[in-house]
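Taking the hints into account, I'd like the entire structure generated from these sequences.
Here full-length UniProt numbering is used: the first residue of the sequence shown is 1, the next is one more, and so on.
A few of these clues could be false.
Claimed, not checked - Using C-beta positions, here's what the derived DEER-type ranges look like: (1) L192 x E87: 28 to 36 Å; (2) G8 x S95: 44 to 52 Å; (3) P256 x P5: 49 to 57 Å; (4) L192 x A18: 42 to 50 Å; (5) E218 x G163: 22 to 30 Å; (6) D226 x T205: 23 to 31 Å.
Stated by the list, open to error - For lysine to aspartate or glutamate, the following EDC-like pairs were computed, each having C-alpha atoms within a straight-line distance of at most 20 Å: (7) K233 x E22; (8) K233 x D61; (9) K233 x D176.
Hints are computed from structural coordinates only; laboratory data are not their basis. Heads up, the beta-carbon is just placed ideally off N, CA and C, and yes, glycines get one too.
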Amino acid sequence: MPTPPPTGPLVTRDTVAAQLRELGVHPGETLLAHTSLSSLGWVCGGGVAVVQGVLEALGPDGTLVVPTQSADLSDPAHWGNPPVPREWWDTIRTSMPSYDPLVTPSLGVGVVPETVRTWPGALRSAHPQTSFAAIGPRAGEILDGHATDCRLGERSPLARLEGLHARVLLLGAGYDTCTSFHLAEYRIASPLVEIGRPGPEGWETVTEVSISSDRFDELGHDFERDRSVVRGKVGAADVRLFPVADAVAYAERWLPLHRPREEEISHPPL
1 MPTPPPTGPL VTRDTVAAQL RELGVHPGET LLAHTSLSSL GWVCGGGVAV
51 VQGVLEALGP DGTLVVPTQS ADLSDPAHWG NPPVPREWWD TIRTSMPSYD
101 PLVTPSLGVG VVPETVRTWP GALRSAHPQT SFAAIGPRAG EILDGHATDC
151 RLGERSPLAR LEGLHARVLL LGAGYDTCTS FHLAEYRIAS PLVEIGRPGP
201 EGWETVTEVS ISSDRFDELG HDFERDRSVV RGKVGAADVR LFPVADAVAY
251 AERWLPLHRP REEEISHPPL
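And the structure:
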């Protein structure tokens, strides 16, 4: 059977840049972007065109930050998508390559973050499971010092982004991807958990705050209802734009009321 023609709209680098400007993205600001390439339509140039468009809207003084998580660098005992046989666990733990910010690919965050990770001049933070990558003059300031025992807390790029008055850009992505909400989990009563992962000297275990994106879609719905959120479109994608600090502050109040501690899970977010 012949391949069906692509569905639109046709989206180009210029489309992305122009429509982001219309939404209020301004040169020189810092954006933490969560993206869904497929939601935009037919993108001429794919992830490269999207990154080019965002960078064009930000200008040479702006900085683009994306999550480049690698949750597969984790204990196979917690894997469920898919699980692996129990008899493989010890071999996986002893042979899994440790994190290398230049080599380790991102997982589960989409095409655009992986495009940013490999962009000329891009930097990447040090956490082996919840790293961020960035392009722009503030990249080093945001990413340096990401503690390897602090996935998404006070010693992570999220706290730096909050302090720099950065904004979150949900470009076709939902609130369930909003990593800024996780920073709130470090500021409320949250349990601790032991996290296993490959390290430079072999398998290691660190103590971390338990984090989960469970019910983040509901949290985002209430946040958008109660706070000022810029809404619009880029191509066919729904877009949301709001300050990191607003999202964190709202989540600090919402999570203790709406998500009991026992609902939280102990393994890294995918």
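Results of checking the hints against the structure:
1. L192 x E87: 28 to 36 Å: 30 Å, holds
2. G8 x S95: 44 to 52 Å: Roughly 46 Å apart at Cβ, these two residues keep to the hinted range, so it holds.
3. P256 x P5: 49 to 57 Å: 50 Å Cβ-Cβ, so the 49 to 57 Å window holds.
4. L192 x A18: 42 to 50 Å: 47 Å, holds
5. E218 x G163: 22 to 30 Å: Once the Cβ atoms are compared, 27 Å apart, the range 22 to 30 Å for G163 and E218 holds.
6. D226 x T205: 23 to 31 Å: 39 Å, violated
7. K233 x E22: 10 Å, holds
8. K233 x D61: 24 Å, violated
9. K233 x D176: 19 Å, holds
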